[in-house]
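*Asks:* As a plain string of letters, each chain reads:
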Amino acid sequence: MKTAVIKYNAGNVQSVLYALERLGADAVLTDDPEEIHSADKVIFPGQGEASSAMAYLKARQLDQVIKDIKQPFLGVCLGLQLLCEHSEENNTECLGIFPVKVKRFIPENSQEFKVPHVGWNEIENLADNVLLKDLPDSKFLYYVHSYYAELSEATIATTHYIHDFTAILHRDNYWAIQAHPEKSSTVGEKLLSNFLSI
Amino acid sequence: MLTKRIIPCLDIKDGRTVKGVNFVQLRDAGDPVELAKIYSDEGADELVFLDITATVDKRKTLAELVTKVAKAINIPFTVGGGISTVEDVKVLLAAGADKISINSAAVKNPGVIDEMAREFGSQCIVVAIDTRDVDGIDFVHTHGGRKPTLLKTQEWAREVADRGAGEILLTSMDHDGTKAGFANELTAEISSALSIPVIASGGAGNMPHFKDVFTFGKADAALAASIFHFKEIGIPELKGYLIGEGISIRK
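Order-wise, the sequence lines are chains A and B.
My numbering puts the first sequence at residues 136 to 333.
My numbering puts the second sequence at residues 24 to 274.
In isolation and in its complexed conformation, chain A is listed as follows:
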């Protein structure tokens, strides 16, 4: 089984590859459409800024490649946001896989709530979903982000920071996680291994 990790200007690609290596997955980093389409699983990492990431994807026609994927697909962090419809970050039109808007955290009280949301926070309101099965009792994931996806019908887990936001999305063959499973200890590893066994 081959897992393609989409190569683009995202910061956490190496960490995702190491995490897959720890799980014994056969992963390849690639921006070649044929190689992506022929993989059994596709992972779309992300860390950085939405508009420049979208511009990069479009310049290499990777936007269309992502929309055409039929196999299980997992977006991570910025990867989740780019799969949504629109992001407030530099008013960016995104890929539109999920009919969801991405907004900036606005703290009511800046002393209590800092932006970005950095650190370990819990996933809650878990739906019955193949990605979420048999997770350990402690469900903390590592987050680093200033923008969040609104709650939607595709939301299968939420996290609370200032208010509830979408922690994990699922629709058809697309899954997406706002946190960094590759840096989220055993819970993150379980999410990744669940994805690999879909």
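There's no promise every hint is true.
[Stated by the list, open to error] Footprint (simulated), chain B over chain A, 3 or more residues, beta carbon under 8 Å:
#1 153-160
#2 175-189
#3 250-259
#4 320-333
In case anyone wonders, no lab produced these hints; they're calculated from the structure.
Quantities reported herein were computed from a predicted structural model and do not represent experimental measurements.
Where is the CB? At the ideal position from N, CA and C, for every residue including glycine.
Starting from the known structure of chain A, fit chain B onto it as the hints suggest.
*Replies:* Showing chain B alone in chain A's frame:
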């Protein structure tokens, strides 16, 4: 709920852990990878690797070690010590570091913070500030706290945040090594004034010190070295205590 982070700090010299680590289960007491793995398994929320010889001896932190650590552990980690250019950062991030920390280089050339934040994003740029009280005023110090500068700590903290630092690692040289508690007042002042997280460092001696720095000190994270290395406080024990005290902590 977002949790407060507990961060062990590993001092590295020539790719080896220094500062007498006292772990019976370690096969090789100087192997940073093995120690990192133990802390990660025990529930540390993040790790910081500080190449303590780097600034003084102009040695670069070994990217090789960073790669070994990145392959071995599944929690975020920061690498600091002697980092001064965008190129230094690029090498360490490519090797697998999640964040880098700069200190003296930022004081010498503050524009490098903007440059690094623009190039890699604020989320991976930690600015370390070593502070010491000089006649009642907090001043930034460099070179492991030995060299005073004319920068007032509060003003410098504001400036690095404005320039794009993602987090501040605030070490009180007055408290460091005393085991008498963190610099709660100064930490609270800086944490309240800024919208970025503040990691408090220097002075941890017992478990209530951590509670104090998270409550009175308003710290987002607390860093310590020797009390963890010498097993004076175990991470599971510390986390259990803090949860019992009503602090939001990752189990």
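*Asks:* Run every hint past the structure and note whether it holds.
*Replies:* Tested hints:
1. Counting residues of the segment 153-160 of chain A whose C-beta sits closer than 8 Å to any C-beta of chain B gives 4, which meets the bar of three, so the coverage hint holds.
2. Coverage of the segment 175-189 of chain A by chain B holds. Counting CB-CB distances below 8 Å, 3 residues qualify, and the rule asks for three or more.
3. Chain B is given as covering the segment 250-259 of chain A, and this holds because 8 residues of the stretch bring a CB closer than 8 Å to a CB of that chain, at least three being needed.
4. Counting residues of the segment 320-333 of chain A whose CB falls under 8 Å from any CB of chain B gives 4; the rule of at least 3 is met.
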